[in-house]
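Keeping the supplied structure of chain A fixed, place chain B upon it in accordance with the hints.
Protein chains: 2
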Amino acid sequence: MLKLRRVPVDTRSENVAFVSEACTLTRVEGLRALAKIEVHGGRRRILATVNVVEADGGCALVEPDELGLSIEAFARLGLPEGTDVHIEFAGPPRSLEAVRRKIEGRVLGDDQYRAIIDDIAAHRYSRMELAAFLVAAAGFMTSEEVLGLTRAMVEAGNRLTWPYPIVVDKHCIGGIPGNRTTMITVPIVAAHGLPMPKTSSRAITSPSGTADTMEVLARVDLTLDEMRAVVEAERGCLVWGGHMNLSPADDILISVERPLGIDTQEQMVASILSKKAAAGSTHLLIDIPMGPSAKVRSHEEATRLRKMFEYVGDALGLVIDVMTTDGRAPIGRGIGPVLEARDVMAVLRGDADAPADLRAKALAVAGRVLEFDGGVRGGGGEARARELLESGAALARMEAIMAAQGPAPAAVEPGSLVKEVPAAADGTVAAIDCARINGIARLAGCPFDKGAGLDLFRKPGDAVRKGEPLYRIHACRPADFAFATAAAEEADGYVIA
Amino acid sequence: MLKLRRVPVDTRSENVAFVSEACTLTRVEGLRALAKIEVHGGRRRILATVNVVEADGGCALVEPDELGLSIEAFARLGLPEGTDVHIEFAGPPRSLEAVRRKIEGRVLGDDQYRAIIDDIAAHRYSRMELAAFLVAAAGFMTSEEVLGLTRAMVEAGNRLTWPYPIVVDKHCIGGIPGNRTTMITVPIVAAHGLPMPKTSSRAITSPSGTADTMEVLARVDLTLDEMRAVVEAERGCLVWGGHMNLSPADDILISVERPLGIDTQEQMVASILSKKAAAGSTHLLIDIPMGPSAKVRSHEEATRLRKMFEYVGDALGLVIDVMTTDGRAPIGRGIGPVLEARDVMAVLRGDADAPADLRAKALAVAGRVLEFDGGVRGGGGEARARELLESGAALARMEAIMAAQGPAPAAVEPGSLVKEVPAAADGTVAAIDCARINGIARLAGCPFDKGAGLDLFRKPGDAVRKGEPLYRIHACRPADFAFATAAAEEADGYVIA
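Chains A and B, in that order, give the protein sequences. The first sequence runs 205 to 701 under my numbering. The second sequence runs 205 to 701 under my numbering.
Looking at chain A on its own, in the form it has when it is part of the complex (with noise of 0.2 Å):
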C-alpha cells in the first residue's frame, strides 16, 4: 500500500507512475521502469506505466512509501493526495488476444470487437497495442467487422436521447480547406424547425474544425445540460464534442491513427457513425468531396464508401443520405478559424461579396438535409433553404444560438504579419491543391492561433496575370510566418495553365 501523490508533470494521455527505486514494489517484487501496473483505491482504477525514480536523485519526486501520478493520471483516478493505493502488476489487456488473431488475419467477431473497444475506452491498451490493432484491422476488415466495430464503439460511450421524432445531422468527411457549410446549414435547418443538435470536433489534421471556427462567434465548450437548453429554444446549436463522452474509444483510436498517418474507409465509417448514433441522430446527410487532391479520389472509392455508410448506417437504425460533391478547390475564400468565420457572417449577411461558391454548397447541403422532413417535397429542399436564407431568418436563428451559447472566449482579429503570394505566371487558375493550402495555413498558426490562415483571391477558372496576388497568408507569430511564407514560395498550391 503506498500513498497517492500527484506528480507536476503534465504525460497528457499516456498515465505514468512514478515510484522511488527504494519502494518495496521496485527493491523486492521486481518492479521495472516501462511496466504496466493497476492503480486502485476504493472502487476507482487506471492502468499506468512505470517510471523509476532514483533515491538518492536530489528532487524527492516521491518518497519510497508514495505513488506518484502524472497530471492527467491522478485527475483520472480522481482521489485526493495522501490516499492509500494498492499496486497490482498488470498484464496487457485481455483483448490482445484478439488483436493477436486479427493481425493473423482472421474475421473478429462483434465480442471480440467489443472486448477489445471497451478495455481501449478504459484507457487499458498503450499506444504500441493501439498501433497494433489499427494496423491489423487496416489490413482488411469484413462489413460485418466494421458494424461490429461501430456498434462496439457505440457502445462504450454516452448515447443522448431527444425528444424529437426527427434528428438531423450533417458530416463532411474533410479535406477540403474553407468549406465551413455546417455554420449555415444548422441555421437554416433550425429556422425551419427541424432539430440539428450540432457536435463537431476541433482540427485535429485541418486548418480548422468546425467547433474552431464556432469558437470566434460564441462559446462552444457546453456541458450536456447547457447544450440541452441550447436546442429546446433554437432547435439547433453548434458546439464542441469533446465534453459530451461520445464514443470515447475513437477519440484514442484517432490519437493514434493521425501520427501514423492511417486513414482508412472502414475506421473513417466506424468513426462517424458511432459519433453521429451516440448523439442521437436519426438522419444523417453525409457529403463526399472528390477530387484529385482530396480524401477520395475516384467514383468508385466515392462509391464503395457509399455504400459501406449505407451498411453500418442502416443496421443501426439511421437514415442515410450521401451526396459526393465538388473537391478539386477550397471553397469560400478563407482558411484558418477567423476568416472562415467572416465568409460564414457574410453568407448568412447576404452581403454582396459572400462568397458564392461557399454559399451555393451550403444550400445544396441545407436543402438535402431538409429533405428528411416529410413536409418538404422532394426536390424542394434546395428552394426552402434558400428561402430561409434570403429572409433573414436563417441569421437571426445564427445570431440567437450565438447568443444562447453565450459569448466567444476572446475576440480575435486576422493575423497582422501579411504577405501576398504572387500568381508565377499569366493564364487561368487550372486547380489548386488542396492538401498543399491546408499545409500552408497549418504552418502559418492554424488552428492554435484563430487568426491565422490564407485569404483566397483567385478560385479555379479566374484568370490572373504574372505578379497578381493568388491569396494572402496571416500569422501571428513570427516562426510561424516564416515557415509559412517559406512553404508558399517552395510550391504555391496552385496551378496556372
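Heads up, a few of these hints could be off.
Said to hold, decoys possible - Distance ranges between label pairs, derived from CB positions:
| # | chain 1 | residue 1 | chain 2 | residue 2 | range |
| --- | --- | --- | --- | --- | --- |
| 1 | A | Ala326 | B | His244 | 54 to 60 Å |
| 2 | A | Pro284 | B | Ser217 | 30 to 36 Å |
| 3 | A | Gly554 | B | Glu292 | 45 to 51 Å |
| 4 | A | Ser459 | B | Ser217 | 19 to 25 Å |
| 5 | B | Lys670 | A | Gly246 | 45 to 51 Å |
| 6 | B | Asp555 | A | Ser459 | 30 to 36 Å |
| 7 | B | Asp288 | A | Pro284 | 58 to 64 Å |
| 8 | A | Arg247 | B | Glu292 | 55 to 61 Å |
Hints were generated in silico from the structure; no laboratory data involved. Yeah, the Cβ is synthetic: ideal placement off N, Cα and C, and Gly gets one too.
Frame of chain A, contents of chain B only:
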C-alpha cells in the same frame, strides 16, 4: 538554447525530455507534452518525447532554462550536465512514409527497408511506430522483402570477421523447455578444432536463454576483444551477445514483438539470420523442433520455414543446414538456469544418470555441425561427436572455455522453496505441454532467479502411479512459489493416458 540536466527518472528505452512549462519552448513556441523533439549538442543528437513539468510544482525537476533527460536518454546523448543543447521540433521519422505504404499492402524495396531499419537502429521510432511497422509487415512479406529486411538489419550494426575459413554456428528456434544442446555442442565442436564463437541471448519469453544458463558456470558478458581472445585460445566460446551491437534493430524490434505476441516466420528468419551474418558465421545449422505445443506444429510449416531460411541464407552467402527435431516434450530434466547447467555438466562428465534425451539430441546436433568440416565423412559427424564426448575431450574443452571466460558472478543453488507436483492418475505419460511447463517455470522466478525452475522426473512414455511426483518446483521467493504452485495445481502440463 537550454542547459542539459540529468533527471533521475528511469524510463528505460523510452527517451523522455523534461521541459518546464515556464520555458520559452512551451510558453512561446507551443511545445506540448508527448511532442517529439531532437536534442543536440555538438555532433551528438537524440530524439526524445516531451513531458512538461509544472513551474510551481514545488519540486524543481528542471528550471525554465534547463532541458532534463531521463537516465538512459542522458547516457545515450553522452554530454555532461550544464552543456548547452539545442532543441528542434522533430516530425515523425522520414521512413514512416514507407511504413504507410506497407500498411496499404504494398511490396517494399531494399531501399525502403534500409531507411526503416536505419531509423529504428538510431532509436528514431516510438513503440507506436515500431508496432505499426511490425504489424504491417506481419500482414505479408515476399521472400525478396524478407531478404531486404535481413540485409538492412545486418548493415545497421557491427559485423564481426574471423581469421578462419569456416566459422560454424547453430541456432534453435526455441520453444522447448530444457533443450540446452548448445552448451554441449560448442565444446564438442571446438574440441574437434572447428571455430564456433557462440553469442547467445538471454531469455525473453522462455525460462532461460543459453546466456542465462552459461552464466551459472562462467562469466558471459565479455567485450568483443575478450571474446576474440577466448576463441583464439579455445576455438569456441559461450557468451552473451548484448555487448556486440550485432543487428541492433533486431533487439529493438523484439522489445515490441514480444509484448504484442507477434511471431511470424518472416520476422524470425530476418532476426536469426541478421544476427548470424553479423556475427561472421559462414555455416549455420538451424534446429526446428516440431510438436503440438512447439512454435512449429506441422511438416508444412516446417518446410515453409526451412525454404525461407535457405532462400535468405543463400543470398547472404551463408551455408545453411536445417534439421527438424522432435519438439513434443521438454529435453533434459532441469528447466531454469541452475537446473539446466547441472544437466549439461552431467552429460559432459558422462554421469550414469545424465539425461539420455539431452545427450542424444546434443550428439545429433554436434554431428551435423561437424559435417560442415570437409574432412568429416558424410554421416560420420555423430560418431566423431560421440568420440569427443566419451573421451572427455569435450568436458576438458568446456572447462577450458569456462576458465577463459572467467568465473560466474555468483554461485547459485537450486531454489530452496520446493514442491513436488503429483500425478493425478495411474497411467503412462502421453504428452507434456511445452508452453505450460515454460509458463510455470517463469512464474517460479525464471530467468531472474537463476535457482528457480522445474526438475522433471517423468518424460513421455514413462509409467506413473497416481500421487507419484511428476516434477519438483523450485523457487526463491514466497510470492513466486505461490504463483507457480497454484498454476501447477490448475493445470500441471502433463497428459496421462
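Which of the numbered hints are not met once you compare them with the structure shown? Violated hints (numbers, rising): 1, 6, 7 and 8; every other hint is consistent with the structure.
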